[in-house]
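> If you want the building blocks of each chain, they are given just below.
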Amino acid sequence: MSVSKELIAAYADGELEGETLCKVEAAVAADPELQAQVAAHHRLRAMLGAHFGPVAQEPVPERFLELLRPGPSNNVVDFAAACERTRRPAPRFAWFGPALAASLVMALIGYGVSHRSERDYAGGDVAAALESQLVATQPREAPVRILLSFRDGEGNFCRGFASAAQSGVACRDGRGWKLGKVIGGAKAQASEFRQAGSAETKVLAIIQDMAEGPALDAQGEEAAQRGGWRN
Amino acid sequence: MDETGTVRRFIRERAKKLSERRDGFEDELLALLPRMRRFATGLTRNLPEADDLCQMTIERALRSRAQWQVGTRLDSWMYRIMRNIWIDEGRASTRKLQTFADPDEGLSVGVHGGQEEHVELMDIDRALVNLPDEQREAVILVMVEGYSYKEAADIVGCPVGTLNSRLVRGRDALMVLLCKAA
Chain A
552 MSVSKELIAA YADGELEGET LCKVEAAVAA DPELQAQVAA HHRLRAMLGA
602 HFGPVAQEPV PERFLELLRP GPSNNVVDFA AACERTRRPA PRFAWFGPAL
652 AASLVMALIG YGVSHRSERD YAGGDVAAAL ESQLVATQPR EAPVRILLSF
702 RDGEGNFCRG FASAAQSGVA CRDGRGWKLG KVIGGAKAQA SEFRQAGSAE
752 TKVLAIIQDM AEGPALDAQG EEAAQRGGWR N
Chain B
6 MDETGTVRRF IRERAKKLSE RRDGFEDELL ALLPRMRRFA TGLTRNLPEA
56 DDLCQMTIER ALRSRAQWQV GTRLDSWMYR IMRNIWIDEG RASTRKLQTF
106 ADPDEGLSVG VHGGQEEHVE LMDIDRALVN LPDEQREAVI LVMVEGYSYK
156 EAADIVGCPV GTLNSRLVRG RDALMVLLCK AA
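Top to bottom, those sequences are chains A and B. Under the working numbering, think of the first position of the first sequence as 552, with each following residue one higher. Under the working numbering, think of the first position of the second sequence as 6, with each following residue one higher.
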């Protein structure tokens with residue numbers, strides 16, 4: 552069989568298969584000239600590999616690593632870095648990129664978030680905390696802790712809260728603090744999922760979905776409270 | 006333990022995991038950088054210029070990351086971007102370089118062995134300079150980067166047959182030049 556140089560090259564490159572491979576293999580085995588051609592292809596590949604190989608072994612320039620480091624200019628927001636940038640007292644929660652928020656919500660939705668009647672309003676301790684507590688100044692052991700405050704799509708002030716009995720999001724309207732999504736309390740969640748703060752995490756995931764713009768900082772929260780949480 | 010700290014740590018870890026799971030774009034790109042530099046060096050035959058090409062490629066990839074489909078090969082996508090930039094912007098400066106640089110200088114990379122090896126590598130450089138861009142590109146994609154003919158054709162954006170004939174012509178010319186030099 553006559554074997555074209557294209558076929559020999561393809562054979563040397565490992566591109567042949569099936570019947571063609573068998574035929575060329577047999578032809579090469581029977582012909583020292585073809586064997587020499589195959590060897591020449593392999594030698595060329597080895598030379599080129601040796602020539603360019605060292606570049607791939609060198610350390611990559613720092614400027615490339617800088618480009619790929621997660622930061623404000625990139626789409627992926629580094630959560631820890633974002634936390635550091637917002638110089639607010641704890642708890643400080645920054646915002647993920649929308650895609651990440653969506654995936655977070657997707658990931659957490661499986662945990663099951665129960666919906667209460669839309670007409671429910673917060674009462675008792677929860678209502679008091681929603682009305683008066685500020686994230687920046689609330690006691691660490693407060694029975695109801697405010698996680699953060701933000702504005703929803705309609706511009707209403709909303710606050711995420713967590714307590715032993717109940718955690719969720721409530722938004723202020725003319726009548727009071729209307730409960731949005733409410734999930735079980737922090738204690739129940741902790742034993743149920745063996746993950747401290749999973750209720751808070753879920754509340755934050757809900758907020759990611761609801762919020763229009765960033766969380767209020769300490770000043771914004773104080774101003775909103777002075778205004779009676781009315782938009 | 007401070008509960009807030011725990012929550013924040015938990016969320017941070019969760020966010021990290023999610024961002025990794027999302028597509029691993031940065032990490033995968035990071036792992037590709039050494040190979041991208043090698044390919045860029047093959048195209049430009051000059052390390053400083055290769056690094057400029059790499060930087061432009063990374064920047065464009067980050068800007069157009071939405072166009073990369075998760076689950077497809079990131080390396081082929083990056084190589085495609087790189088060769089397109091090289092064609093759009095790179096060649097002019099490469100030509101300029103070719104005119105003013107002594108071809109004997111060639112690549113400074115890869116020179117690490119004894120005198121004999123040194124001579125051989127310089128010969129490869131000279132041989133590569135003499136190849137038309139298209140043939141050099143085909144040779145590098147297949148024989149250095151290890152792509153199959155089909156993958157290389159996808160990166161270049163031409164039919165497999167075209168890639169194949171460029172490759173055969175390129176490697177023939179290289180073998181002739183290298184034989185003469187030997």
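No wet-lab data here; the hints were simulated from the structure. Worth double-checking, as some hints may not be accurate.
Said to hold, decoys possible - Pair ranges (Cβ atoms, derived): (1) A:Arg781 to B:Gln72: 39 to 49 Å; (2) A:Ala581 to B:Arg85: 51 to 61 Å; (3) A:Pro605 to B:Gln72: 45 to 55 Å; (4) B:Arg85 to A:Gly565: 17 to 27 Å; (5) B:Lys155 to A:Ser553: 47 to 57 Å; (6) B:Glu33 to A:Gly779: 47 to 57 Å; (7) A:Gly604 to B:Ile92: 20 to 30 Å; (8) A:Ala597 to B:Ala36: 22 to 32 Å; (9) A:Arg781 to B:Ser81: 24 to 34 Å; (10) A:Gln770 to B:Arg65: 37 to 47 Å; (11) B:Glu64 to A:Gly704: 13 to 23 Å; (12) A:Ala679 to B:Asp32: 38 to 48 Å.
Ideal placement from N, C-alpha and C gives every residue a C-beta, glycine not left out.
> Could you run down the list of hints and mark each one as holding or not?
We went through each hint and held it up to the structure:
1. Restraint check, Arg781 (chain A) to Gln72 (chain B): a C-beta distance of roughly 45 Å satisfies the suggested window 39 to 49 Å.
2. In this structure the supplied range 51 to 61 Å is violated for Ala581 (chain A) paired with Arg85 (chain B), their Cβ-Cβ distance being about 41 Å.
3. Between Pro605 (chain A) and Gln72 (chain B), the C-beta spacing of about 33 Å breaks the proposed range 45 to 55 Å.
4. Between Arg85 (chain B) and Gly565 (chain A) the beta carbons are some 23 Å apart, a value that agrees with the proposed interval 17 to 27 Å.
5. Between Lys155 (chain B) and Ser553 (chain A) the beta carbons are some 25 Å apart, a value that contradicts the proposed interval 47 to 57 Å.
6. Taking 47 to 57 Å as the suggested C-beta distance range, the pair Glu33 (chain B) and Gly779 (chain A) conforms, at roughly 51 Å.
7. Take Gly604 (chain A) and Ile92 (chain B): their Cβ atoms lie about 25 Å apart, and the range 20 to 30 Å holds.
8. As the Cβ distance of Ala597 (chain A) to Ala36 (chain B) is approximately 25 Å, the hint placing it in 22 to 32 Å holds.
9. About 56 Å separates the C-beta atoms of Arg781 (chain A) and Ser81 (chain B), a value inconsistent with the hinted range of 24 to 34 Å.
10. Take Gln770 (chain A) and Arg65 (chain B): their Cβ atoms lie about 40 Å apart, and the range 37 to 47 Å holds.
11. At about 34 Å, the beta-carbon gap between Glu64 (chain B) and Gly704 (chain A) misses the expected band of 13 to 23 Å.
12. At roughly 47 Å, the beta-carbon separation of Ala679 (chain A) and Asp32 (chain B) lies within the given 38 to 48 Å, and the hint holds.
Taken one by one, the earlier hints fail for this structure at numbers 2, 3, 5, 9, 11, listed in ascending order.
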